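Protein chains: 2
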Amino acid sequence: MAMFLPTPTKGVVHSMTESSSRRLAFEVSYDGAAFFGFQRQPGFRTVQEELELAWTGFSSEKAVIHGSGRTDSGVHARAQVVHLSTMHQAPAAIAMRAMNAYLPQDLAVTQVAEVAMDFHARHSAKAKHYVYGIAAGPTRPVLARDRVWWLRRKLDVPAMREASHFFLGTHDFAAFAAAGRSTKTSIRRVRSIHLQERRGCLAIHVRGDGFLYRQVRNMVGSLVEVGLNKRDPRWIQAVLKSGDRSRAGQTAPAAGLTMWRVHYPSNPFAPAAASVSYR
Amino acid sequence: MAMFLPTPTKGVVHSMTESSSRRLAFEVSYDGAAFFGFQRQPGFRTVQEELELAWTGFSSEKAVIHGSGRTDSGVHARAQVVHLSTMHQAPAAIAMRAMNAYLPQDLAVTQVAEVAMDFHARHSAKAKHYVYGIAAGPTRPVLARDRVWWLRRKLDVPAMREASHFFLGTHDFAAFAAAGRSTKTSIRRVRSIHLQERRGCLAIHVRGDGFLYRQVRNMVGSLVEVGLNKRDPRWIQAVLKSGDRSRAGQTAPAAGLTMWRVHYPSNPFAPAAASVSYR
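Heads up: the sequence lines are chains G and P, in that order.
The end of the first sequence is residue 387 by this note's numbering, with every number in the run present.
The end of the second sequence is residue 387 by this note's numbering, with every number in the run present.
Chain G on its own, in the form it takes in the complex (with noise of 0.2 Å):
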């Protein structure tokens, strides 16, 4: 009788695995100390290749672990987006746990979505989220010091504000951006930048299309020369104007970055999709 037949379970998994490859979007945290950056590196710690050795810990599959941007050595996310194509058929929910399982204290998948085969997390993002934190006074911060960038004088505030309104819209970033990455252009859309204060921190919250290679960090470290009154507020513009990088100021440290959200035209994570989300 048909009810005891012994159903051929391996086998019908063995065949979607070989046949059917679907694509997975992971959300990732990860604390960038102790990481050389986000892309693959030979030799290096990498967030890339953690991730690709934990799917294939989990899968025993080889996969290439796509992200949203590269984040500098150091550099830290609360919400870093990636994908990988795969034929492995394990429900999402079970590869994230499977992934997590694998993945070292200072990384985590935090969550998942089964994405269309044409999502990209680089080439469908249409905005990212950052924010850099500050710490300005003679005093060291403690529990936040791996977290922020420690200034030993007070900053003026409001004229940083004032400066940073400059930024906002489409401009040329040539003076803020690093060499070492090439773009085919330098013009990027700033969305919005908010300063906010609390307890004695700054955390300045950048939103944009994209970002030149280190161009938060260069906006930042300019920000801090107007903070300082080293500069007048309108300098910014004038370095902006010039697209002169010797002519803007330093690039802030690593550790006060962090890669906040990755914005695409529907969320992948939204409930109503088939996302499994903790956060």
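Source of the hints: derived by calculation from the structure; they are not laboratory data.
Honestly, I wouldn't trust all of these hints.
Which copy? The list can't say, so a pair holds if one copy fits it or any two copies do.
Here are the simulated lysine to any residue pairs, SDA-like style, with alpha carbons at most 25 Å apart [as the list claims (entries may be wrong)]:
hint	residue 1	residue 2
1	262	317
2	262	148
3	292	302
4	262	187
5	262	202
6	262	197
Remember, it's a predicted structure, so these values are computed and weren't measured experimentally.
The hints should help you fit chain P onto chain G, whose structure is shown.
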């Protein structure tokens, strides 16, 4: 002529140093992870010892640091308060800067004040405010991992909030006191308890006149039993009434606890007082 006489600065300072004792209060912040608690213990790295070593390094004077209370191994402080008596006549602001030059990365003085000789960090304290952080959900916290207790399941926060109300007021907290420290009475007053949810983290704010050894961590451990729906909110009331430590929940881990603030009848660090504040 008198105006050309060299002023005997050195002599005067020396005689002041010999004669006038004064008291300084410091607000200190520390990351508890690498400390064996606050209280000095030969052979272990403690907050008290580091502060005393810093004072001696700066002043060449031995001093005893008195804290508002001990914190256990692994417990953090945003704003612990300590005092010392000294013959050294350095201005308070200079003393603070000098202390910080001697202190390690995970410990700093954040405020200083010249206080009356009858001010005592512990005896003068009228209330303390602690914050306990919890990350509840299957995903490991990454950026906050050294400051929170990670529970793998969601918590029923409304039930915890209901349960927390039973702690309010004056009670015999014997059921929530760990053995190991003698006190005359286990009656304490909890002034307020607030559960604050923010981005998937739960912060439990507890304010009280004083706390028994591990009382806050034991209260949190029991609230978590309620949050996991293992216990009814009313169970807290029954445990309190029983006075029986074996009936309460587990002790919440040290890393989630932060000494947030110590209150005095008049704030020694208020701008009106002879204080220097940088927070």
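So, going through the hints one by one against the coordinates:
Taking the shortest Cα distances, residue 262 and residue 317 never come within 25 Å of each other, neither inside one copy (31 Å) nor across copies (34 Å). Taking CA atoms no more than 25 Å apart as the test, residue 262 paired with residue 148 passes in neither setting, with 38 Å inside one copy and 35 Å between copies. In the homo-oligomer, the alpha carbons of residue 292 and residue 302 never lie at most 25 Å apart, since the shortest distance is 28 Å inside one protomer and 53 Å across protomers. When the C-alpha separation of residue 262 and residue 187 is checked against a cutoff of 25 Å, the pair qualifies only between copies, where the shortest distance is 20 Å, while the shortest distance within a copy is 30 Å.
In this assembly of identical chains, residue 262 and residue 202 lie within 25 Å of each other by CA distance solely across copies; the values are 18 Å between and 48 Å within a copy. Taking CA atoms no more than 25 Å apart as the test, residue 262 paired with residue 197 passes in neither setting, with 55 Å inside one copy and 27 Å between copies.
Checked against the numbered hints listed earlier, the structure breaks hints 1, 2, 3, 6; every other hint is satisfied.
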